[in-house]
Amino acid sequence: MDALDLARWQFGVTTIYHFLFVPLTIGLSVIVAALQTAWHRTGRAEYLRATTFFGKLFLINFAMGVVTGIVQEFQFGMNWSTYSTFVGDVFGAPLAMEALIAFFLESTFIGLWIFGWDRLRKGVHLACIWAAAIGSNLSAFFILAANAWMRNPVGFEVDEATGRARLTDIGAVLGNPQAWSTYLHVVAAAFVIAGLFVAAVSAWKLLQERRAAQEPDHTVHELFRKSLRAGFLVTAIAGALVAVSGDQQAKLATQHEPMKIAAAEALWQTEESAGFSLFAVGDIEGSRNHINLQIPGVLSFLATGDPWGTVQGIENVQAQYEAYYGPGDYRPNIAVLYWSFRLMMGLGLAGVAVSVAGLWLTRRGRLPRSRWMYRVVVAALPAALAGNIFGWILTEMGRQPWTVHGELLTAASVSPGVSLGQVAFSLAAFTLIYGVLAVVEVGLLFRYVKAGPGPAVPATDDPGADDGPDSGGAPPEPAEHREPAFTY
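Per full-length UniProt numbering, numbering through the sequence shown is continuous, rising by one, with the last residue being 488.
Hint data in this document are derived by calculation from the structure and do not stem from the laboratory. Warning: the hint list may mix true and false statements.
[Unchecked claim] Per label pair, the in silico range of CB-to-CB distance:
| no. | residue 1 | residue 2 | range |
| --- | --- | --- | --- |
| 1 | Thr431 | Trp308 | 47 to 53 Å |
| 2 | Arg44 | Ala451 | 20 to 26 Å |
| 3 | Ala412 | Trp308 | 36 to 42 Å |
| 4 | Glu407 | Gln248 | 23 to 29 Å |
| 5 | His221 | Gln248 | 56 to 62 Å |
By construction, the Cβ of each residue, glycine as well, lies at the ideal position given by its N, Cα and C atoms.
Using the sequences and the accompanying hints, generate a full structural model.
This is how it looks when you write it as structure tokens:
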């Protein structure tokens, strides 16, 4: 093992850890904004309680996402300075836009939203959470545009004097088809996670209610019944978008990253009407499969849109790359890609299936009678999170051995002056810190979920309140006798 191996491990571990919080932030910001909009329009107290309850959970997750995301920036200079030197002129534009437009929008208006209860007009306060939600989703686009450039580099030229990539067309970078397809896929998957999070929290609270000996609070019961169904609905709709965008991702991968699609299917030789592999056992060194259960024509349809289409095999792409780029092994880790692809789809589809079943069981004001359904809903959340992580493993490992496809190899991207011991120390330190942060995150989430929603209190002072039906439910109490919507 050398510094390169540990640097890859470190970046993989920190990225996966960070990505546990990103999709929930993206999706939950919009759900909280939608809940507050429902309260703003109807004045019904349960929407206010749901807003403040899920808003607290959103803020905890957002804070963890910011803390862990900062580490990613440091690693570019610490372990990947050669890579940073090569891509810096290109990455500077989308990442600057992310910081100056999206993150500032998100962080500024989240602050106004947190401290604006009882201080801002209801309409202005509502606009703050929508601005924060838009900022979260814009932030995702700019970062994914930079990531997509690594898989399909466009709008640049290499400066022969410096050996660095120089940006020539920011429109091409932001309009990269890989960027838009990835963005739709990632954001849709984020809403799957957020919907299942709302459903899982609601299911857990309803299950605890059933276990309690005393009569349940009717208002709390009704709140979580509605949020359970809302979580199912968001997940089901987002799941359909994941399937559509995933189909487009497969076709773009076939066009721009043929090795990835071949490795993800353990397809060794080019085939017409290639089948989708359900289960395979193979010999990577021997470039063959001993067992391969397939559905005929499905891979060709996913890759080309034609069940009789031609899909290139690993050996054929390897030969093309050797002829074009020179001698070397251009195959990614085939076993990791093959099983990541199946775990991504299987776990993701399982979460969507749970939401569809949940919508059926909760129709017409009903709730599932059996406790097992509530437990399944709770278990669907970590399963979907794992599916999301396997999707990113597929994306990033599928690009190997390149950091920038066709331009810069991973082996040439690592910082030349960093030793194995230095990387090992920082990896150990990050692992320890992240372990502590995980305990803090889970503890805070569990604490606020267990406490449940706070009392239904209008969240704006009367002098600045909007008139008409948007003014809230019960008339506001005098300011000195009221609790703020958020209590810390």
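Evaluation of the provided hints:
no.	hint	verdict
1	Thr431 - Trp308: 47 to 53 Å	holds, 49 Å
2	Arg44 - Ala451: 20 to 26 Å	holds, 22 Å
3	Ala412 - Trp308: 36 to 42 Å	holds, 40 Å
4	Glu407 - Gln248: 23 to 29 Å	holds, 24 Å
5	His221 - Gln248: 56 to 62 Å	violated, 42 Å
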